[in-house]
Amino acid sequence: MNSDIISVEGRIKAYAINPITKEIISFSECKNTITTQGKARIAGLSAGINTPIRYLGVGSSSTAPNASQTALQSELSPRIRKSVSGSLDGATVTFSGTYYMDEANNGTGNNNVFAEVALFDASEGGLMFCRGLLNPIITKDQTMEIIIYYQLTFA
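Read in the working numbering, the sequence shown has 27 at position 27, and its numbers run on one by one without any break.
Among the hints, a few may not be true.
To be verified - Computed Cβ-Cβ distance ranges for the label pairs, DEER-style:
id: 1; residue 1: D4; residue 2: G90; range: 15 to 21 Å
id: 2; residue 1: L88; residue 2: Q142; range: 33 to 39 Å
id: 3; residue 1: T63; residue 2: F27; range: 18 to 24 Å
id: 4; residue 1: I20; residue 2: S46; range: 39 to 45 Å
id: 5; residue 1: A43; residue 2: E23; range: 38 to 44 Å
id: 6; residue 1: K22; residue 2: S83; range: 20 to 26 Å
id: 7; residue 1: T63; residue 2: S123; range: 20 to 26 Å
id: 8; residue 1: S83; residue 2: T63; range: 21 to 27 Å
id: 9; residue 1: S68; residue 2: E29; range: 21 to 27 Å
Honestly, the hints are just simulated from the structure, not real lab data. Every value quoted in this text rests on a predicted model; they were computed, and no experiment measured them. Built from N, CA and C at the ideal position, the CB exists for glycine as well.
All chains should be modelled from the sequences, with the hints used to inform the complete structure.
See the structure below:
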């Protein structure tokens, strides 16, 4: 392998927990796809331009990720993008966000199904950096919180 090539691998971990007992109700993990826009964003950030990644979005679609996608396929409505905090450990960046008991429960049909997860640079619209599908999906209700960790490793 050429040592001058940089690759990015992303992993998503999502926990549904009972916030009172701290019991894990459900766990999901998956790889993600860095979008074409996301790759351009990495280049821009390294040059000190572009807006950093700040938001986590979730949706109910099970459509396979594709690098050309620019948005979640079925973002939860009403849209709830969470501000994420980021931490750096060597060449790994971890973003985390929590959907609390009173959030993401008021949709109809599949709107409380967490199937797709993505990182964005804006609370509405904006650039989608990467997207992944949770496996298994998590069905959220008012008795649980969902904690999502989005990890990007540069190698």
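Return holds or violated for the Cβ distance of S68 and E29 against the range 21 to 27 Å. holds, 24 Å
Consistency of beta-carbon spacing, S123 to T63, with hint 20 to 26 Å: holds, 23 Å
Assessment of proposed distance window 20 to 26 Å (beta carbons of K22, S83): With Cβ atoms ~23 Å apart, the hint holds.
Given the hint of 33 to 39 Å, is the C-beta distance from L88 to Q142 inside that range or not? holds, 34 Å
Is 38 to 44 Å respected by the C-beta to C-beta distance linking A43 and E23? holds, 43 Å
39 to 45 Å was suggested as the range; check whether the CB atoms of I20 and S46 agree with it. holds, 44 Å
Indicate whether the distance between the beta carbons of S83 and T63 respects the range 21 to 27 Å. Distance hint for S83, T63 holds at roughly 26 Å.
May I ask you to test the hint 18 to 24 Å on the CB atoms belonging to T63 and F27? Since the Cβ atoms of T63 and F27 sit about 23 Å apart, the hinted range of 18 to 24 Å holds.
Is it true that D4 and G90 lie within 15 to 21 Å of each other by Cβ? holds, 19 Å
Of the numbered hints listed earlier, not one is contradicted by the structure.
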